[in-house]
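Okay, here's what each chain looks like letter by letter:
Number of protein chains: 2
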Amino acid sequence: MRIVVLAGGVGGARFVRGLREAVRWWHPEAAIDVIVNTGDDWWLGGLRITPDLDSLLYTLAGQNDEQRGWGRVGESERVAAELQAYGVTPEWFTLGDLDLGTHIARTAWLRSGASLSEVVARLQQRWDLGGVRLHPATDDEVDTHVWVASDAGGEHDLHFQEWWTRYRAQLPALRFEQRGLAAARPSAGALAALEAADVVIIAPSNPVVSIGTIVSIPGMRDALRAVAAPIVGVSPIIAGAAVRGMADACLAAIGVATDAGAVARLYGPRSGVGAAVGAGPAQPGLLDAWLVDEADAAVVDGLRADGIATDAVPLWMRDLDSAAALAEAALQAGLARRSAS
Amino acid sequence: MRIVVLAGGVGGARFVRGLREAVRWWHPEAAIDVIVNTGDDWWLGGLRITPDLDSLLYTLAGQNDEQRGWGRVGESERVAAELQAYGVTPEWFTLGDLDLGTHIARTAWLRSGASLSEVVARLQQRWDLGGVRLHPATDDEVDTHVWVASDAGGEHDLHFQEWWTRYRAQLPALRFEQRGLAAARPSAGALAALEAADVVIIAPSNPVVSIGTIVSIPGMRDALRAVAAPIVGVSPIIAGAAVRGMADACLAAIGVATDAGAVARLYGPRSGVGAAVGAGPAQPGLLDAWLVDEADAAVVDGLRADGIATDAVPLWMRDLDSAAALAEAALQAGLARRSAS
Numbered sequence: 084m085r086i087v088v089l090a091g092g093v094g095g096a097r098f099v100r101g102l103r104e105a106v107r108w109w110h111p112e113a114a115i116d117v118i119v120n121t122g123d124d125w126w127l128g129g130l131r132i133t134p135d136l137d138s139l140l141y142t143l144a145g146q147n148d149e150q151r152g153w154g155r156v157g158e159s160e161r162v163a164a165e166l167q168a169y170g171v172t173p174e175w176f177t178l179g180d181l182d183l184g185t186h187i188a189r190t191a192w193l194r195s196g197a198s199l200s201e202v203v204a205r206l207q208q209r210w211d212l213g214g215v216r217l218h219p220a221t222d223d224e225v226d227t228h229v230w231v232a233s234d235a236g237g238e239h240d241l242h243f244q245e246w247w248t249r250y251r252a253q254l255p256a257l258r259f260e261q262r263g264l265a266a267a268r269p270s271a272g273a274l275a276a277l278e279a280a281d282v283v284i285i286a287p288s289n290p291v292v293s294i295g296t297i298v299s300i301p302g303m304r305d306a307l308r309a310v311a312a313p314i315v316g317v318s319p320i321i322a323g324a325a326v327r328g329m330a331d332a333c334l335a336a337i338g339v340a341t342d343a344g345a346v347a348r349l350y351g352p353r354s355g356v357g358a359a360v361g362a363g364p365a366q367p368g369l370l371d372a373w374l375v376d377e378a379d380a381a382v383v384d385g386l387r388a389d390g391i392a393t394d395a396v397p398l399w400m401r402d403l404d405s406a407a408a409l410a411e412a413a414l415q416a417g418l419a420r421r422s423a424s
Numbered sequence: 084m085r086i087v088v089l090a091g092g093v094g095g096a097r098f099v100r101g102l103r104e105a106v107r108w109w110h111p112e113a114a115i116d117v118i119v120n121t122g123d124d125w126w127l128g129g130l131r132i133t134p135d136l137d138s139l140l141y142t143l144a145g146q147n148d149e150q151r152g153w154g155r156v157g158e159s160e161r162v163a164a165e166l167q168a169y170g171v172t173p174e175w176f177t178l179g180d181l182d183l184g185t186h187i188a189r190t191a192w193l194r195s196g197a198s199l200s201e202v203v204a205r206l207q208q209r210w211d212l213g214g215v216r217l218h219p220a221t222d223d224e225v226d227t228h229v230w231v232a233s234d235a236g237g238e239h240d241l242h243f244q245e246w247w248t249r250y251r252a253q254l255p256a257l258r259f260e261q262r263g264l265a266a267a268r269p270s271a272g273a274l275a276a277l278e279a280a281d282v283v284i285i286a287p288s289n290p291v292v293s294i295g296t297i298v299s300i301p302g303m304r305d306a307l308r309a310v311a312a313p314i315v316g317v318s319p320i321i322a323g324a325a326v327r328g329m330a331d332a333c334l335a336a337i338g339v340a341t342d343a344g345a346v347a348r349l350y351g352p353r354s355g356v357g358a359a360v361g362a363g364p365a366q367p368g369l370l371d372a373w374l375v376d377e378a379d380a381a382v383v384d385g386l387r388a389d390g391i392a393t394d395a396v397p398l399w400m401r402d403l404d405s406a407a408a409l410a411e412a413a414l415q416a417g418l419a420r421r422s423a424s
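These protein sequence lines are chains V and A, in that order.
Basically this note's numbering = 1-based index in the first sequence + 83.
Basically this note's numbering = 1-based index in the second sequence + 83.
Chain V with its partners taken away, still in its complex shape (with noise of 0.2 angstroms):
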């Protein structure tokens, strides 16, 4: 069995973590192959910084820092020190040193012309991930930009990272930007990955700038949609919250609710189409399944009326064991689905 999930950075690499233990002890057979979010990367200090494929190397590798969240272990922060005092970082954006090893290695390779596919696939060559092998979504360079309203009137952008961590997305969002979107391309390697599949699960990570970017891509929707296997996806908002990160800013900003059926309807059935974004015109739908937690039960209706295969089931990822339960429904929603075409 081959399994692909989309995900983006900390909430989707704790979804995969699951996963993975659900197939080390359920699926041992099976492959995970991972299509990761890049639209969060962005160039600072001369160096590319790639968060969410970070998030799923070093959290897949066990190195990844459970206490604050983010970023490397035991980490420091002499170098970011020195960045900031000749200033060529700001200070609300710290690097720190184990993680640089990483950002540094990367921008060496892609300066050489290695592509950021072939970046991952070498940084994945000094872990164990388990198995688990990490495709960006696309080789080219797709940064996210987010508009906000000027002081003074008007409108002005900045780089998604700094509307995110700066101003911890309290700017309200006027919409966002994928800088370089229209000529960019899926990677090989997640082509490859979807062609394959036997089931998609989109992980429960931001469906907009994780989610909504991976499948923005040119080529992205229709590969998704070509592909015999089905798709399941898992609500990143539980209860009108999102689990974790600040997906609700985000939403308000292309005018969907915080709410675990408005996502879904922003993907869309795979028979129809989903949510219309902006000035956009609806695009084709992808999922055949989706999992709400048991506080939103009462949404399941409605989308199974939709034309998705929804179910309630608990949704939080306290630890492991409830990540790998998690990851488990969603695999057995997807093979159900697949059994029952």
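By construction, these hints were calculated from the structure, which means they are not laboratory data.
Be a bit skeptical, because a hint or two may be false.
To be verified - A few chain A positions that, by computed beta-carbon distances, are all more than 12 angstroms from chain V:
1. Trp109
2. Glu174
3. Gln253
4. Ala408
To be verified - The following label-pair restraints were derived from C-beta to C-beta distances:
5. A/Asp404 with V/Leu254: 52 to 62 angstroms
6. V/Gly263 with A/Asp148: 40 to 50 angstroms
7. A/Ala168 with V/Leu254: 32 to 42 angstroms
8. V/Gly263 with A/Trp175: 34 to 44 angstroms
9. V/Trp108 with A/Ala168: 27 to 37 angstroms
10. A/Leu254 with V/Gly213: 36 to 46 angstroms
Since the model is a prediction, treat every value here as computed from it, not as a measurement.
By construction, the Cβ of each residue, glycine as well, lies at the ideal position given by its N, Cα and C atoms.
Let chain V serve as the given structure and place chain A on it in line with the hints.
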């Protein structure tokens, strides 16, 4: 009074620090400009490393590690271990954490289009160098390679840093090759400093790969010979041995004895020519005056006869006071030539 020094790394840094002290005591109106060797520079792990410029920067800023003799004081090596684990840097060259901050800043600025001179100016803004201004000898990349005999016969080249750091200059060098030299030009800051100079001092740095590289930049030797100011050299050799570093291995490669007199003749009297190196023609000479150690007093008369005003003085820089005394002796040797002319 405007003093210009030609200098390599650690030895040059100690000399300039002594000169700064001498100026503080006896010539508070004087300005010091240092033209720094860039022939040891290289790309490593996607970062541009400039060892001699950094030695001067750190030493003059009081940030150098006196015990170890190079790098930053209080240094750690957490990132270096990461880089070696990823395989982007070799195990024989360790980049300290604090030092990496400088390399990342430099590389970011270079990548954004700044010249090395602009980078050096920005780095100096952070530190108080006590009025000393550093200039790279050239803004162009001229990396030194070393040709050595191959085990299987024939010969091959390696980067100077590998020869110097990994092999401790113990592989007999057949010759040095400065890649990119023909297209290189002296930096504007170096030329402007020379034009305004009242006295030029050649520091007791490696005469082959530091001073030799500076004066081999097309246009630099002419610019030096065009200055009205006297040019005073300080021997890097005392009693047949290098004061520090591995100058003997470098001198052997170009067929010059490790001898205070031989180095003076390599540079040559300004009224004549220097020693021919390899198959190249003899170059116009540089020296008006030359300081050797009292242990080398025997060479004084011969050099004087050759047109180089030579004096024997205490040459060891044991501490700041002795370095200041040596620098003052070099300064006075120059000023004596100026009033004599």
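For each hint, the structure was consulted:
no., hint, in the structure
1, Trp109, "33 angstroms, holds"
2, Glu174, "15 angstroms, holds"
3, Gln253, "29 angstroms, holds"
4, Ala408, "34 angstroms, holds"
5, A/Asp404 with V/Leu254: 52 to 62 angstroms, "59 angstroms, holds"
6, V/Gly263 with A/Asp148: 40 to 50 angstroms, "44 angstroms, holds"
7, A/Ala168 with V/Leu254: 32 to 42 angstroms, "39 angstroms, holds"
8, V/Gly263 with A/Trp175: 34 to 44 angstroms, "39 angstroms, holds"
9, V/Trp108 with A/Ala168: 27 to 37 angstroms, "31 angstroms, holds"
10, A/Leu254 with V/Gly213: 36 to 46 angstroms, "44 angstroms, holds"
Hint compliance for this structure: no hint is broken.
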